[in-house]
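Visitor: Listed in order, the protein sequences are those of chains D, Z, V and G.
Mapping to numbering that gives the first Met the number 0: the first sequence position 40 is 39, numbers consecutive.
Mapping to numbering that gives the first Met the number 0: the second sequence position 55 is 54, numbers consecutive.
Mapping to numbering that gives the first Met the number 0: the third sequence position 91 is 90, numbers consecutive.
Mapping to numbering that gives the first Met the number 0: the fourth sequence position 16 is 15, numbers consecutive.
Quick caveat, the hints were computed from the structure, so don't treat them as lab data.
Heads up, a few of these hints could be off.
No more than 20 angstroms apart at the CA atoms, straight line, and that leaves these computed lysine to aspartate or glutamate pairs for EDC-like [stated by the list, open to error]:
id : chain 1 : residue 1 : chain 2 : residue 2
1  : G       : K92       : D       : D60
2  : G       : K124      : G       : D30
3  : G       : K124      : V       : D15
4  : G       : K124      : G       : D137
5  : V       : K92       : Z       : D12
6  : G       : K92       : V       : D30
7  : G       : K92       : G       : E72
8  : G       : K124      : D       : E31
9  : V       : K124      : G       : D144
The primary structure of each chain is shown beneath.
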Amino acid sequence: MNITLQLFGRFRDFADAPELHLDLPGVTTAAEFRAAFEAWARAHWPDAAIALLQASAIATDTTLLHARTPLPADGRLALLPPVSGG
Amino acid sequence: MNITLQLFGRFRDFADAPELHLDLPGVTTAAEFRAAFEAWARAHWPDAAIALLQASAIATDTTLLHARTPLPADGRLALLPPVSGG
Amino acid sequence: MPREDRIACHVVDIADAALDPRDAIAFVSDDAFGGIDVFIGRVRTRSQGRQCVGIHYDMFDPLALAVFRRAAEAAIEAHDPQARCYIAHAKGKLAVGDLAVVVAFASAHRDAAFRGCRQAIEAVKYQAPIWKQEHFSDGAAAWSDGTPLVPADATTGREGA
Amino acid sequence: MPREDRIACHVVDIADAALDPRDAIAFVSDDAFGGIDVFIGRVRTRSQGRQCVGIHYDMFDPLALAVFRRAAEAAIEAHDPQARCYIAHAKGKLAVGDLAVVVAFASAHRDAAFRGCRQAIEAVKYQAPIWKQEHFSDGAAAWSDGTPLVPADATTGREGA
């Protein structure tokens, strides 16, 4: 599946652009995406990013995704590290 | 003692002026004033005012008076029915 | 900064000016503070099921100001000794929509801001010499029953009053 | 009035405009309401013992707005089904003294106003996709550690994330 992953907060420091474009074959749920993306991240990002990834949520424009939630058809996702608003 | 008693709230409806001027001989504490003024009020005001008087506080410009507190030398007091600000 | 300079208390005659929350926010703002809580009391149309057109607030000004100041001091003491507090109450004939009271409390942290503001408005409502006369759409007027005042250190209710 | 018309949520880019508490107060004011509570979060000079010169707020706007709206709905549901709620958060590079967030909640009674406002700001802080990068006077910058997001109906912490 072709995924566009928006990055926020500290993740912006690990990438050159605010979005990653990834082709992840066979990925259909949030849990599958998480596993496939973690493998990608281990190859491209430092260990600090992997730890942050494990504390992060996967979301669409309107909601956080549960592990078994199917990914949206357009493949647009957001990677949300722990939040600190207000 | 010559007393000037300022009236507030519902007490304003029982008097023609916002202040009463009373000569109450032998009165030196808040409790003595309360007793003497209640006698005066029974002669001049309706029963509703007496009930309200019993739920009211006696004060100076800066503080509520306890029963045994001596009255201020200038004899200026305020009669404060139950409050409803805010 | 001494605590007395971090407290502002006002009685405002509606004939002279309206309360303005901006004054409260400006007074309590400080670059050391991250949280400001502001409570605004506004005259509303209904009270006890009757249509209200306005409220006349009667006030014993000097004692009200003394009570506001003590309320602010107590809220600061209880929730953040470095905090700032503003208390203003209107008097006179207010119409529906007019602001009756504005309280603001600012602190480094929001929990203290909320708690300090709440403590201050509760003291204003239950300890300040202020009386509300509601005016209804049928022409009637009624003083609110209210809460009896008791000296701060009285131990047996009305005993000290 | 339908509940959705009694809720206003905004993300404001500091490059375009500053947050203004007057907008919040105007939105929630209603002649049926006697109590308005407003919380204002302001960028402060010190954080964790270091001198702060500003905060960069990053935000995932569409989800933030959805979270604000759900937070307002939940606060209204919990404290007064007739209440009004306003939530606005700034994004971009804020300086000390700039307003980061303004929440207002209005109800017939003040207890609901305080509780509704508090519930809404807590949801903004712990559930909205917003990230704070603090800039210190020595030139350093640091993203705050923050709180992990968990789907609303997840029962086992990170299981659902």
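Visitor: Each of the hints needs a verdict: does it hold here or not?
Guide: Cross-check of the supplied hints:
1. Taking the CA atoms of K92 of chain G and D60 of chain D, the gap is near 23 angstroms; set against the 20 angstroms cutoff, the hint is violated.
2. Using a Cα cut-off of 20 angstroms, the hinted pair K124 of chain G and D30 of chain G is violated, with the two alpha carbons roughly 30 angstroms apart.
3. Pair hint K124 of chain G plus D15 of chain V does not hold up; C-alpha atoms about 40 angstroms apart against a cutoff of 20 angstroms.
4. With a C-alpha separation of about 27 angstroms, the suggested pairing of K124 of chain G with D137 of chain G is violated against the 20 angstroms cut-off.
5. Pair hint K92 of chain V plus D12 of chain Z holds up; C-alpha atoms about 16 angstroms apart against a cutoff of 20 angstroms.
6. As the CA atoms of K92 of chain G and D30 of chain V are separated by approximately 16 angstroms, the hinted pair is consistent with the 20 angstroms bound.
7. Distance hint between K92 of chain G and E72 of chain G is unfulfilled; the C-alpha atoms sit about 29 angstroms from each other, more than 20 angstroms.
8. With a C-alpha separation of about 29 angstroms, the suggested pairing of K124 of chain G with E31 of chain D is violated against the 20 angstroms cut-off.
9. Restraint check for K124 of chain V and D144 of chain G: the C-alpha separation of about 41 angstroms exceeds 20 angstroms, so the hint is violated.
Checked against the numbered hints above, the structure violates hints 1, 2, 3, 4, 7, 8, 9; every other hint is satisfied.
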